[in-house]
Amino acid sequence: MKTATTNKKIRSRRSLSRNDKFTLAAFIGIPTLMQIIFLWLPALITIVLSFTYWNGINVSDIKWAGLANYKNIFFGTPVFYEALKNNLIWLLWFTFIATPLGILLAYQIDRKIKGHKIYETVFYIPVVLSLAIIGIIWNFMLQPGGFVQGVMGRDIGNAVSIWGNYSINTYVIMGVASWRHIGYIMLLYLAGLKSVDPSLREASAIDGATEWQTFKKIILPTMRPVNIIIVVITIIESLRAFDLVYIIYGTSTAWPLLNILVFQNFAGQGISMKGAAYAVILLVLCIGPILLYLRNVFKEDLK
Amino acid sequence: MSTTIVQNKEYRNKQRIKDNFISAFIGFFAIVWIFPILWTVWTSLRPYNDIISNGVFSWPRHLNLDNYFTAFRKMGLTHYFLNTLYVTIPAVGLTLFLGSLIAFVVSRYSFRFNLSLLLLFTAGNMLPIVLTYIPVFWLYIKIGDLFGNRSLLYNNYLGIILVHVAFQVGFATFVLSSYMKTVPKEISESAIIDGASVFRHYWNVMLPLLRPPLAALGVLMSCWIYNDFFWALILMSEDSKRPVTSALRQLQGQYITDFNLLAAGASIVAAPTVILFFVLRKQFVSGLTLGSTKG
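From first to last, the protein sequence lines are chains Z and Y.
Residues in the first sequence are numbered consecutively from 1, following the numbering used here.
Residues in the second sequence are numbered consecutively from 304, following the numbering used here.
These aren't lab readings, by the way, just hints derived from the structure by calculation.
Check each hint, because a few of them may be wrong.
Simulated crosslink set (EDC-like; lysine to aspartate or glutamate; CA at most 16 Å straight-line) [as the list claims (entries may be wrong)]:
hint: 1; chain 1: Z; residue 1: K112; chain 2: Y; residue 2: D322
hint: 2; chain 1: Z; residue 1: K114; chain 2: Y; residue 2: D322
hint: 3; chain 1: Y; residue 1: K312; chain 2: Z; residue 2: D207
hint: 4; chain 1: Y; residue 1: K321; chain 2: Z; residue 2: E211
hint: 5; chain 1: Y; residue 1: K317; chain 2: Z; residue 2: E211
The whole structure should be built from the sequences, with the hints applied where relevant.
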């Protein structure tokens with residue numbers, strides 16, 4: 001077996017003509033070059049820029065700032081901690097409420113509960129909509145003259161401000177975010193559940209286990225690889241959270257998130273490299289989950 | 304033996320009652336879930352004056368598609384839909400092509416840097432996008448100036464297409480390479496023994512086998528790129544060149560008081576992806592799951 005594989009490698013390498021080598025180089029080179037020029041290089045440049053002062057116009061104006069941008073963020077920008085708090089709320093809500101709901105939903109739909117086909121479709125539709133459309137749809141629900149205001153008995157003249165009300169907007173934002181997230185998680189989990197051996201379930205049903213016990217003791221442990229990936233996706237999505245809040249508030253810091261702060265410094269009144277520093281902080285927070293994901297996905301190849 | 308059957312029956316009855324309860328519970332949430340969408344469609348079917356004079360909850364006097372025709376005419380949606388096509392089709396095609404090249408080499412030829420290459424592409428797909436905004440913006444303007452035409456990439460469809468490709472190609476590579484691992488090596492070996500060149504091996508042997516994942520990815524990515532409105536806001540300076548989702552965002556400000564017209568606009572813009580989802584549901588689902596739950 002071992003000799004066979006080494007033979008194969010030698011043969012395939014030797015059999016490459018000059019033409020073939022050229023083709024292979026192009027096959028790898030072109031996409032890699034593009035990936036580096038438009039993705040990795042800009043990312044690296046942003047990391048470097050986060051240690052400078054620059055208004056984004058002339059390269060000659062770039063001045064070394066050392067850690068000044070970071071110091072400014074950590075010690076002179078209270079809104080940074082507000083953003084961190086909101087990202088954390090997002091993370092906790094998604095981890096302990098939205099994602100588990102998506103998983104339970106997938107489990108019930110996979111059991112082919114009554115109406116499962118309709119449910120699957122309904123919960124999935126929000127996932128295919130653009131955020132630009134989701135913003136409009138929820139405005140119809142919540143804005144003055146919208147459905148929710150109508151239900152509360154308020155017409156346009158005496159409407160309450162839902163987006164501007166700090167005691168409730170966090171819940172509303174979490175609700176709308178979950179509207180999308182739950183369907184997404186449901187779909188991912190549903191695909192994983194299809195691969196669970198049905199005889200495991202039958203066995204536990206014959207042993208008289210309740211559905212909850214079956215779910216906890218049989219399904220969750222067998223789905224371990226999928227669970228890890230879903231947790232990582234949830235964490236990364238919570239850290240990168242952005243477009244929904246941007247649709248509602250623009251680049252104002254009415255409900256700040258790390259990503260919104262990046263934007264506020266990159267657009268609007270003028271470019272400041274504090275934005276680059278925020279982006280780097282975001283990257284640092286994301287690195288752990290990304291590595292975890294890569295390790296999980298390429299487990300076999302890494303060995 | 305008979306006791307277990309009796310127990311089983313009792314257990315099943317109990318479970319059925321519970322199941323009905325669970326189904327009703329999920330059903331309630333399903334109604335809550337779909338309601339905002341139905342409400343938007345409902346609003347789009349009613350004339351503006353009807354709501355103004357009779358209130359949001361009044362029974363409609365007229366239901367018609369007038370708002371849809373007006374939306375197409377007044378908002379110029381046809382024009383913006385074409386912009387979306389100019390970006391989406393080349394971007395999806397190029398992403399799949401480049402992704403399949405890398406996946407092909409990585410899964411069929413053993414080089415030392417195979418894994419690093421795969422990691423580079425997959426990790427790239429997970430980077431926070433904001434990390435690239437300023438340099439890409441600046442790079443586009445500089446490259447344009449270099450060739451004496453500032454809108455070579457900036458404020459040009461080509462620029463938007465390239466950033467989409469750079470971001471999505473990582474996902475395509477990952478999905479396609481994990482699919483190719485399941486294709487038997489013998490097929491490639493016989494192609495090599497028959498003296499097929501690398502290009503023929505890719506084009507005539509592997510590519511036809513990749514049809515299912517390519518279709519799945521194509522559907523999924525069309526949806527993603529169609530839905531994106533962000534890059535266009537940053538990299539397009541002219542409103543008239545923006546894709547339909549970005550345009551909708553602008554129209555929202557313009558028509559903020561005309562709920563019904565805006566509702567019709569939103570429904571029209573949502574239609575392609577929703578229809579795509581219903582028609583090609585299988586591809587849609589497998590595209591997403593091939594990528595993230597390989598396990």
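To see whether the hints hold, each was checked on the structure:
1. Between the alpha carbons of K112/Z and D322/Y the distance comes to roughly 10 Å, so the proposed pair stays at or under 16 Å and holds.
2. As the CA atoms of K114/Z and D322/Y are separated by approximately 8 Å, the hinted pair is consistent with the 16 Å bound.
3. As the CA atoms of K312/Y and D207/Z are separated by approximately 13 Å, the hinted pair is consistent with the 16 Å bound.
4. A hinted pair counts as satisfied when its Cα atoms are at most 16 Å apart, and K321/Y with E211/Z qualifies at roughly 10 Å.
5. For the suggested pair K317/Y and E211/Z, the alpha carbons sit about 11 Å apart, so the restraint of at most 16 Å is met.
Going down the numbered hints, you'll see the structure goes against none, and every one checks out.
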